[in-house]
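For what it's worth, the numbering used here labels the leading residue of the sequence shown as 5, then goes sequentially.
Just so you know, the hints here were simulated from the structure itself, not pulled from any lab data. Treat the numbers as computed from the prediction; the structure is a model and nothing was measured. Treat the hints with caution; some may be incorrect.
[As the list claims (entries may be wrong)] Now the in silico label distances, taken between C-beta atoms and shown as ranges:
# : residue 1 : residue 2 : range
1 : Ser118    : Leu219    : 47 to 53 Å
2 : Glu152    : Gly233    : 52 to 58 Å
3 : Asp19     : Glu156    : 34 to 40 Å
4 : Leu172    : Val206    : 16 to 22 Å
5 : Asn119    : Thr226    : 45 to 51 Å
Cβ atoms here follow ideal geometry from the backbone N, Cα and C, with glycine treated the same way.
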Amino acid sequence: MTSVITLLTDYGLEDGYVAACHGVIAGIAPEARVIDVCHLIPAGDVRRGAAVLAQTIPYLPAGIHIAAVDPGAGASRRAVAVEAGGRVFIGPDNGLLSWAVHAGGGAQAAHEISNEQHFLRPVSPTFPGRDVFAPVAARLCGGLSPAELGPEIPVGRLVSLPEPTSQLREGSVEGEVVSVDRYGNTQLSIAAGDLHALGVRVGDTLGVRLGRRQLSLPYRETFSAVPPGELVAFADSAGLIAIAVNSGDAAQRLGLPPGAHVRLSPLS
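Could you build all of it, start to finish, from the sequences and the hints given here?
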């Protein structure tokens, strides 16, 4: 089994939660390399965690991928280990893993993590990241089979978040805000290829409909192509269209939370 473990959480950096997870892994699998994906996911924001994990997975080595973002931590939600594309994803069964599993080629097998002999003892009901996910990941690095973690789960019964979608209509493309990053950039479910199919090229102007509001935005290669304080649309590093404000917060200015509906169209 691989010796790479990745960590994505909403634990923040002000407390010792992340260090505790690192410490548990180091105590069981000192040879494991731990990569911190992100620990600043907004508290309980499963959708944002799912987006960050899915968009980062293509650039991470195959390994054990822990994700711990769960507003229901301490409840009866089951913990799962999902095998996909030569990787094992560990986390709560709340949809957090679903987009990354899809990006990895789809779930091949899944097991409930219920065999307590692999946990840290005693188990805190509110800190599964330290007491369940971290020791299980470390033991998987040491050769433990996912089948030893607990009963198999039909992959069709795993909780999945609805996949962000876009739809080309005559003369426009409709989508939604997938996530908002720390800069306030709003990432849409609309791919750059969707705009290309409409004949939109970098340098053109986009019509942007947000509910009842209609805006005209420049479509550029990067947010810095417009003066500070100006709105702009561009293709981000994931190949998705983002709306940003150069040196500002587009989500705050436009009132665009994740899930908000957006329609883009070329302006002649």
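Hints the structure fails to honour: Checked against the structure, no hint fails, so every one of them is satisfied.
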